[in-house]
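Student: Sequence:
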Amino acid sequence: MSWLVIKSFITCIIFLFSMNALSSELIYPIEKNKLIGFVDSSGKIVVSPKFDADNIYFRYTGRDDLFHVNEDGKRGILNTAGKLIIPTIYDNNLDSFDFNRGNIASYTLNNKCGYISDKNEIISKNIYERCSVFSEQRAAVRLNNKWALIDQKGTLLSDFIYDEINAFSKGLAVVSINGKYGYIDIDGEVVIPLIHTLALEFSNGLARVGSIYSPYYFIGIDGKKKFDVKFDHVYPFVGNYAVIRKEIGSGELYGLIDKNGDTYIKPKFQEIIIYENNPKFAMIKKTKSGTVKVGVMDIETKKIVVEPVYDYISMHSYDKANTKMISFRNEEGKSGWMNQKFQIVIPAQFDEILSEFGNDNIALIELSGKRFYINQHGKKIIDFYY
Numbered sequence: 000m001s002w003l004v005i006k007s008f009i010t011c012i013i014f015l016f017s018m019n020a021l022s023s024e025l026i027y028p029i030e031k032n033k034l035i036g037f038v039d040s041s042g043k044i045v046v047s048p049k050f051d052a053d054n055i056y057f058r059y060t061g062r063d064d065l066f067h068v069n070e071d072g073k074r075g076i077l078n079t080a081g082k083l084i085i086p087t088i089y090d091n092n093l094d095s096f097d098f099n100r101g102n103i104a105s106y107t108l109n110n111k112c113g114y115i116s117d118k119n120e121i122i123s124k125n126i127y128e129r130c131s132v133f134s135e136q137r138a139a140v141r142l143n144n145k146w147a148l149i150d151q152k153g154t155l156l157s158d159f160i161y162d163e164i165n166a167f168s169k170g171l172a173v174v175s176i177n178g179k180y181g182y183i184d185i186d187g188e189v190v191i192p193l194i195h196t197l198a199l200e201f202s203n204g205l206a207r208v209g210s211i212y213s214p215y216y217f218i219g220i221d222g223k224k225k226f227d228v229k230f231d232h233v234y235p236f237v238g239n240y241a242v243i244r245k246e247i248g249s250g251e252l253y254g255l256i257d258k259n260g261d262t263y264i265k266p267k268f269q270e271i272i273i274y275e276n277n278p279k280f281a282m283i284k285k286t287k288s289g290t291v292k293v294g295v296m297d298i299e300t301k302k303i304v305v306e307p308v309y310d311y312i313s314m315h316s317y318d319k320a321n322t323k324m325i326s327f328r329n330e331e332g333k334s335g336w337m338n339q340k341f342q343i344v345i346p347a348q349f350d351e352i353l354s355e356f357g358n359d360n361i362a363l364i365e366l367s368g369k370r371f372y373i374n375q376h377g378k379k380i381i382d383f384y385y
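Throughout the sequence shown, residue numbering follows numbering that gives the first Met the number 0, covering 0 to 385 in sequence.
FYI, nobody ran anything at the bench for these hints, they're computed from the structure.
Be aware that a few hints might be false.
[As the list claims (entries may be wrong)] Cross-link-like lysine-lysine pairs, in silico, DSSO-like; alpha carbons within 27 Å at most: (1) Lys265 x Lys285; (2) Lys152 x Lys124; (3) Lys323 x Lys284; (4) Lys333 x Lys285; (5) Lys369 x Lys323; (6) Lys224 x Lys245.
[Unchecked claim] Derived CB-CB ranges, DEER-like: (7) Ile220 x Ser367: 51 to 59 Å; (8) Val291 x Lys82: 43 to 51 Å; (9) Gly153 x Gly222: 25 to 33 Å; (10) Asn203 x Lys33: 44 to 52 Å; (11) Asn143 x Leu34: 35 to 43 Å; (12) Glu299 x Val189: 36 to 44 Å; (13) Leu34 x Ser288: 43 to 51 Å; (14) Phe341 x Thr196: 39 to 47 Å; (15) Ile176 x Gly153: 20 to 28 Å; (16) Gly332 x Asn102: 26 to 34 Å.
Idealized CB from N, CA, C, for every residue including glycine.
Let the hints inform the model, and build the full structure from the sequences given.
Tutor: Put into structure tokens, the structure is as follows:
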């Protein structure tokens, strides 16, 4: 999976309009006369509606204190104090302005990308075809369909020779040339030769290599084989376990292996997903009365802590920003929240969750065509439409 895909639009449903230590203000998007403005927690308008109502402000910037905004189709960045810290002069490119918890992000101008700081300082001119998100103080840039590595000063650390450069994980990144994969370090040096038909990022000192065209197995950071994979497919480790997949006739079942490659849970679920923010639990899917439903399993005890009766459970929001709230959607299509003990604290009643709870303990929902903000008791506090 490429660096750019990792930062795909799937993150937009994790909507966070919360504040971190970088700002003392709390502001929230509202819409008036088909324009977007921002209000404080009392509902007072602090940024007059003037931005395009195109939902770009829903897209996560990689920082809880920053918002995407568009004005006449041009992109900029607004902070939670209501200040436009990067002017609305840039191309409306979905890959732009992901700060990834840092202070540098890519921008796009005239269909070419470069890098800019949160102080509106140009780090790298817009000369590249594609620009990745910074990870471990490194990013990848593409020119003439080849990728190279750069640092946070915009200095090239490698030549433009790679077909792919993935995100860094523990100081190593997957790279490929002519269908062969290996790993480079943060200095751009090849540390594991490009000899594999496919390679994934390291997690807990292990990385999966191989593809459907060659045997799967795991290697250590020294590049040496640790163990073979005995199943049709295996995903990267998250915590102490990795998800495995076994083809069963025209379908497939999922289980887990441990760090020794031994089967920990035999394939029996329609799907298993372990989230990095809390690898103690896994989201599971099982067929109930002919319909696939979602539940939660405690991995260590192998016990089902939430029966698979839901259409959706937002495990990626577990412990997000210390909110201790987990959203879910029931089979009637209504959404609510559980606490971290998986007890329902806000009953399923909303048509859609547009923004999860953040540090400010406020979420944005939609009900019967109306949008409004609620507190952690499920009570309405601010209208979205003014």
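Student: Hint by hint, say whether it matches the structure.
Tutor: Checked hints:
For the given pair, Lys265 sits about 14 Å from Lys285 by alpha-carbon distance, which is consistent with the 27 Å threshold. Between the alpha carbons of Lys152 and Lys124 the distance comes to roughly 11 Å, so the proposed pair stays at or under 27 Å and holds. Distance check on the hinted pair: Lys323 and Lys284 sit about 23 Å apart at the alpha-carbon level, within 27 Å; holds. Annotation: proposed proximity of Lys333 to Lys285 holds, straight-line Cα distance about 20 Å (limit 27 Å).
A distance of roughly 26 Å separates the Cα atoms of Lys369 and Lys323; the hinted pair therefore holds under the 27 Å criterion. The straight-line distance between the Cα atoms of Lys224 and Lys245 is roughly 22 Å, inside the 27 Å bound, and the hint therefore holds. Checked against the hint of 51 to 59 Å, the pair Ile220 and Ser367 passes, with Cβ atoms roughly 54 Å apart. The hinted range of 43 to 51 Å is satisfied by Val291 and Lys82, whose Cβ atoms lie roughly 46 Å apart.
For Gly153 and Gly222, the hinted distance range of 25 to 33 Å is satisfied, since their beta carbons lie about 30 Å from each other. For Asn203 and Lys33, the Cβ-Cβ distance of about 49 Å falls inside the hinted range of 44 to 52 Å, so the restraint holds. A C-beta distance of roughly 41 Å is found between Asn143 and Leu34, which places it inside the suggested range of 35 to 43 Å. Checked against the hint of 36 to 44 Å, the C-beta distance between Glu299 and Val189 comes to roughly 38 Å, which is consistent with it.
The hinted window of 43 to 51 Å between Leu34 and Ser288 holds, with their beta carbons roughly 47 Å apart. In this structure, Phe341 and Thr196 meet the distance hint of 39 to 47 Å, their C-beta atoms being roughly 41 Å apart. Judged by the Cβ atoms, the range 20 to 28 Å given for Ile176 and Gly153 holds: they are separated by roughly 24 Å. At roughly 40 Å, the beta carbons of Gly332 and Asn102 sit outside the given window of 26 to 34 Å.
Going through the hint list in order, the structure does not satisfy hint 16, though it satisfies all others.
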